[in-house]
Amino acid sequence: MTAIDRPLARRSLWHWGLVVPPVLLAALLFGAALGETSIPPGVVLKVLANKLFDAGYPVDKIDEGIIWNYRMSRAVVAACCGAGLALSGVILQALLRNALADPYLLGISAGASTGAVAVTVLGLGGGLISLSAGAFMGSLLAFAFVALLAHAAGGGVGLRAAGVIVLAGIAGSQMFNALTAFLITKSANAEQARAIMFWLLGNMSGVRWPDVASALPAAMFGIVACLWNTRALDAFTFGADSAASLGIAVKRVQLTLIGIAALVTAAMVSVVGAIGFVGLVIPHAMRFVVGHRHGRLVPASALAGAVFLIFADVISRMIIPGQVLPIGVVTALVGAPVFALILIGGRTSP
Amino acid sequence: MILSCQNLGWETRGKPIVSDISLTVNEGEKLGLIGPNGSGKSTLLRMLAGIRTPSRGSVHLGGQSMAGMRQREIAQRLALVEQHADTADRITVRDAVELGRTPWLSALRGWGAQDDAIVAQALADVDLSGFGHRHWHTLSGGERQRVHIARALAQQPQILLLDEPTNHLDIRHQLAILHMVARLPVTAVIALHDLNQAMLCDRICILENGRLKASGTPKEILSEGMLREVFGVCAHFLTDPADQSQVIRFHTAMS
Amino acid sequence: MTSKFITLTALAAVLSAPAFADKTSYPLTIENCGHTLTFDKAPDSTVTIGQSTTEILYLLGQQDKLSGTSVWFNPVLPEFKEINDKIERLADNDPSFESVVGKKPQLVTVMYEWHVGAEGIVATREMFHDVNVPTYVMPTDCAAKDNSVGVDGTRSELFSTQQLYTSIEQLAEIYDAQDAGAALVDDLKTREEQAIAKAAGLNLPEGSSALFWFSSADMESDPYVAGQQGVPAYMMDKLGVDNVVTSGEEWPLVGWETIAKADPTFIVIAEMDRRRFPADDVEKKRAFLMSDPVAKEMTAVKEGRIITIDAHAMSPTVRAIYALEQIADELPAFGLTQ
Numbered sequence: 068m069t070a071i072d073r074p075l076a077r078r079s080l081w082h083w084g085l086v087v088p089p090v091l092l093a094a095l096l097f098g099a100a101l102g103e104t105s106i107p108p109g110v111v112l113k114v115l116a117n118k119l120f121d122a123g124y125p126v127d128k129i130d131e132g133i134i135w136n137y138r139m140s141r142a143v144v145a146a147c148c149g150a151g152l153a154l155s156g157v158i159l160q161a162l163l164r165n166a167l168a169d170p171y172l173l174g175i176s177a178g179a180s181t182g183a184v185a186v187t188v189l190g191l192g193g194g195l196i197s198l199s200a201g202a203f204m205g206s207l208l209a210f211a212f213v214a215l216l217a218h219a220a221g222g223g224v225g226l227r228a229a230g231v232i233v234l235a236g237i238a239g240s241q242m243f244n245a246l247t248a249f250l251i252t253k254s255a256n257a258e259q260a261r262a263i264m265f266w267l268l269g270n271m272s273g274v275r276w277p278d279v280a281s282a283l284p285a286a287m288f289g290i291v292a293c294l295w296n297t298r299a300l301d302a303f304t305f306g307a308d309s310a311a312s313l314g315i316a317v318k319r320v321q322l323t324l325i326g327i328a329a330l331v332t333a334a335m336v337s338v339v340g341a342i343g344f345v346g347l348v349i350p351h352a353m354r355f356v357v358g359h360r361h362g363r364l365v366p367a368s369a370l371a372g373a374v375f376l377i378f379a380d381v382i383s384r385m386i387i388p389g390q391v392l393p394i395g396v397v398t399a400l401v402g403a404p405v406f407a408l409i410l411i412g413g414r415t416s417p
Numbered sequence: 165m166i167l168s169c170q171n172l173g174w175e176t177r178g179k180p181i182v183s184d185i186s187l188t189v190n191e192g193e194k195l196g197l198i199g200p201n202g203s204g205k206s207t208l209l210r211m212l213a214g215i216r217t218p219s220r221g222s223v224h225l226g227g228q229s230m231a232g233m234r235q236r237e238i239a240q241r242l243a244l245v246e247q248h249a250d251t252a253d254r255i256t257v258r259d260a261v262e263l264g265r266t267p268w269l270s271a272l273r274g275w276g277a278q279d280d281a282i283v284a285q286a287l288a289d290v291d292l293s294g295f296g297h298r299h300w301h302t303l304s305g306g307e308r309q310r311v312h313i314a315r316a317l318a319q320q321p322q323i324l325l326l327d328e329p330t331n332h333l334d335i336r337h338q339l340a341i342l343h344m345v346a347r348l349p350v351t352a353v354i355a356l357h358d359l360n361q362a363m364l365c366d367r368i369c370i371l372e373n374g375r376l377k378a379s380g381t382p383k384e385i386l387s388e389g390m391l392r393e394v395f396g397v398c399a400h401f402l403t404d405p406a407d408q409s410q411v412i413r414f415h416t417a418m419s
Numbered sequence: 003m004t005s006k007f008i009t010l011t012a013l014a015a016v017l018s019a020p021a022f023a024d025k026t027s028y029p030l031t032i033e034n035c036g037h038t039l040t041f042d043k044a045p046d047s048t049v050t051i052g053q054s055t056t057e058i059l060y061l062l063g064q065q066d067k068l069s070g071t072s073v074w075f076n077p078v079l080p081e082f083k084e085i086n087d088k089i090e091r092l093a094d095n096d097p098s099f100e101s102v103v104g105k106k107p108q109l110v111t112v113m114y115e116w117h118v119g120a121e122g123i124v125a126t127r128e129m130f131h132d133v134n135v136p137t138y139v140m141p142t143d144c145a146a147k148d149n150s151v152g153v154d155g156t157r158s159e160l161f162s163t164q165q166l167y168t169s170i171e172q173l174a175e176i177y178d179a180q181d182a183g184a185a186l187v188d189d190l191k192t193r194e195e196q197a198i199a200k201a202a203g204l205n206l207p208e209g210s211s212a213l214f215w216f217s218s219a220d221m222e223s224d225p226y227v228a229g230q231q232g233v234p235a236y237m238m239d240k241l242g243v244d245n246v247v248t249s250g251e252e253w254p255l256v257g258w259e260t261i262a263k264a265d266p267t268f269i270v271i272a273e274m275d276r277r278r279f280p281a282d283d284v285e286k287k288r289a290f291l292m293s294d295p296v297a298k299e300m301t302a303v304k305e306g307r308i309i310t311i312d313a314h315a316m317s318p319t320v321r322a323i324y325a326l327e328q329i330a331d332e333l334p335a336f337g338l339t340q
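Protein chains in written order, with the working numbering: chain A, 68 to 417; chain B, 165 to 419; chain C, 3 to 340.
Quick caveat, the hints were computed from the structure, so don't treat them as lab data.
Wrong hints could be hidden among the right ones.
[Said to hold, decoys possible] Stretch by stretch, here's where chain C covers chain A in the computed footprint (C-beta under 8 Å, at least three residues):
#	segment
1	133-143
2	279-292
3	330-336
4	387-401
Using N, Cα and C, we set each Cβ at its ideal position, and we do this for glycine too.
This is chain A alone, in the form it adopts within the complex (with noise of 0.2 Å):
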């Protein structure tokens, strides 16, 4: 990198402004084109002409409503979950000073897998609390959990704090693992396991409009969370002793955005499961390509993400004729090869 590109990263705010609503609309685009049948590129574009801007095209009822309601909703869901996991996962990494941070470190897929099974299974709730809904809370009681267990195993600042975190992390998450187990072999039969195991591989066939209400504030929570914080992310090169000595409420920060992290997480985890890869390979797949500056790191990971998880969705459906895999099937089999390559290339370049 020359000193040119320098003056670049200071107006980064206004580069992006520039690059992501193109590339985010045509993965939208892409997204809404392509899916389980084929419809004609056409059709699509007068589908979407007729919603946008009332064009009035005569359309087949049943190709607008699955390129309108199934799969645009889908492809926004999926923009929205993959933005907030890859964020998650900056966030985490940043702190906790670990490349093998992800999203679900703290907890958050296994308390939602405890949640979920603890509603259909259990039948907690009485049948008023949907999986979702039980999902969310489960997610979010098993990160108290962590929170505290970080707490009280001592954590001070600086990388010892850093290190009991990941470690609470590992042992909440097994607990509710466990705890889910046991819920599914003492009360569920195969169908009901199997079924909660899909939905845990994450599952976006269920998603419609109404779901959007559900990630879109929390995707641009996270967004704006991160963009406001990217020194303070900055700071933490060094490590949480370093933060504090350059300024940064190293405690206060922590807290916060590992929190946000933590909403933003169980709220995507409660809509389309527990999606993996993408929170734990996009940051780094960012970094090779824009770096460690945050200014441009959460940009990028947030597009990334969006992207990456749309183009996932898209091939779920497409790659096994008459069947749908499980999106997390996909960005795992995605994300592992990428991320090795990530390995290897970042050894022999600078």
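Add chains B and C to chain A, keeping to what the hints say.
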């Protein structure tokens, strides 16, 4: 802008690491902190830097209690160079030094040409001017130490706290750093291992088992008796014919 | 003349006499789904794991031989309600191995291999055989069916009611109730033939298709629909309609997008008592079809061509035959016939 502490103490799991230390750093002086390993130098430095909350006592910065100050305010007046700060991120030297400007930037005040100039000066001060685009992981231990010092300098502090800054440095750079710090128009508190280097300080404080054993000028404090008692070594003071300065020569203590 | 008349009447008498079913001769050896079962006498006590076997045994008049039942999808056939109330229900769903063995049954009848089979969640067949409890698995679940592929197994050929009749005949043989067995099979075969004839008489247009929807894990998520070889597929075959689902699995998950584009001519939804998933409720299924932005545009939904049948009829049970009749009865009302 002076820094002082009163009855400062820190303990962990019931064990006191630092007890009842009161000292004042005078403006413009270079204060050395010496003491054997485990005497609490790092802990004391951290409390003075405001990044560790004391169990007992208080720290005052410029007459104001540090406990009531915002971290950002502290960072604008005081910078800390740590012993073991490292990162796995693939950052450049310039990135690392630019972090030093953090306490001065905000949503309202973005990066400017002035900040570029400050960073360039900081790099020049530690003799790393051409290193801006080098990557962190390609640097030697000594070079990394100098980058940390440059980062602290970029903070433009009035007080510089350094935790054993000469570790890992080869002799040329050890002397360069010390002389550079000596020349800087900042107040400095330096934890040192090398007792001969401590002789260069205006004043020194000796820590033993977390307590302040003595403080004063090197001439006043560093006596053969003190060295035997605190460090367990036999020492002789010699005069360097080149500039008539005092040099300490060590032997093991005869029991 | 009189001699011919006498011969004819004698012939008629002989021909119209009810076929005498044999009495079972013990010891009886039966090959059943890869295991050999031997019976010295008709079992005195039975535990059923599967509503289908329970109802078959009631239909064979063997209620006195039942000591426990389990795995219920729906209320028992109304004519057997009183009888059924007197018999202990070990579990609405899957019983535990110990609760079954604790009744010390002389036979355990099984509807699905995923309850008692190689991957059985209650037990494997060997576990029962080891404690001298024979297990009889209905051939409907193992004949030409690989239960290790696909979550509900995969059939290699279209379900045939013959498998059901074989099940009935074998159970009748085991319990030495071959009279009742033969009568039941005759009755079912007759009804089946009538239903098939009625269906053929419908003369549905070429290319008519159907969808059989069992349930969904999540109300708006991909539904569990009937695949190409199972009982619903058999019904569709007899009715002369195509299945919009192309998968060979028993109950694959197929997206609503694919189903909507295939636009089935009519839709059959399952009614059950179970409330494991919200979509188990047939009213919720109906509400979904009416309100989902894509599903409600399907021709079948707009024209009200939705038939509700007993969920249990979508499995290899006697109810399947009754449901075939029901569908053949309801189809004319849709005005599809040419």
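Okay, the hints, checked on the actual structure:
1. 133-143: Holds, because 5 residues of the segment 133-143 of chain A bring their Cβ atoms closer than 8 Å to Cβ atoms of chain C.
2. 279-292: violated (count 0)
3. 330-336: Violated - the segment 330-336 of chain A has 0 residues with a Cβ nearer than 8 Å to chain C, which falls short of three.
4. 387-401: Our answer is that it holds, as 3 residues pass the Cβ test (under 8 Å) against chain C, meeting three.
The structure shown violates the earlier hints numbered 2 and 3.
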